[in-house]
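For the protein sequence lines, the chains are U and G, in the order given.
Okay, so the first sequence: first residue is 1 according to our numbering, each after it adds one.
Okay, so the second sequence: first residue is 112 according to our numbering, each after it adds one.
There are no misleading hints in this set.
Here are the simulated DSS-like pairs of lysine-lysine, each with C-alpha atoms no more than 27 Å apart in a straight line: (1) K153/G to K223/G; (2) K57/U to K113/G; (3) K113/G to K55/U.
Rather than coming from a laboratory, the hints here were simulated on the basis of the structure.
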Amino acid sequence: DVKVTQSSRYLVKRTGEKVFLECVQDMDHENMFWYRQDPGLGLRLIYFSYDVKMKEKGDIPEGYSVSREKKERFSLILESASTNQTSMYLCASNLKTREQFFGPGTRLTVL
Amino acid sequence: QKEVEQNSGPLSVPEGAIASLNCTYSDRGSQSFFWYRQYSGKSPELIMSIYSNGDKEDGRFTAQLNKASQYVSLLIRDSQPSDSATYLCAVKEARGNTGKLIFGQGTTLQVKP
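All chains, please: the whole structure from these sequences, using the hints.
Okay, here's the thing in structure tokens:
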């Protein structure tokens with residue numbers, strides 16, 4: 001079974017803090033994705049990576065950066081957290097153009 | 112802008128009935144289609160994938176694809192209260208080989224005992 005894990009289920013941070021969200025997959029998938037999900041707005045793609053050290057912006061990259069130093073690990077970084085970044089963050093991965101598998105999600109609250 | 116459209120619902124059906132969830136997409140060249148189930152507070156879970164026109168059955172679930180009409184649907188037979196969730200339709204972008212999916216907003220299904 002594909003397993004995608006995320007570093008935290010719940011996270012509370014203060015405005016201005018630097019926040020790291022980590023995602024690890026164990027199936028040697030080339031592609032990894034970071035989404036945020038908000039009520040009424042659906043899933044929105046923040047960034048994705050198709051190979052180590054390779055990344056592309058998604059639909060809402062502003063305020064975020066990413067890092068992929070190893071194939072199995074994809075990190076999302078909030079350089080200076082703001083209250084409007086309070087959301088559910090979902091990591092996913094897939095093999096080439098196949099179905100995506102999601103991690104359990106991190107519910108981030110920025111106070 | 113490529114789009115995937117779903118009726119947000121809620122779609123309410125009695126226990127034991129057939130639930131029919133529909134999805135249309137704008138990218139005519141799309142070849143890969145997926146249905147995910149998402150319980151409240153949880154992450155999306157893959158239910159079905161479909162790549163060819165016609166029906167694909169898996170237990171109580173049937174996915175139907177009509178590429179000419181740019182339409183994909185999910186039927187749930189003998190609906191159970193445990194099927195109550197939001198169902199997301201996802202379509203693989205036709206252009207490129209990035210593995211990106213375009214997701215609909217989801218349809219909320221309520222199965223009443």
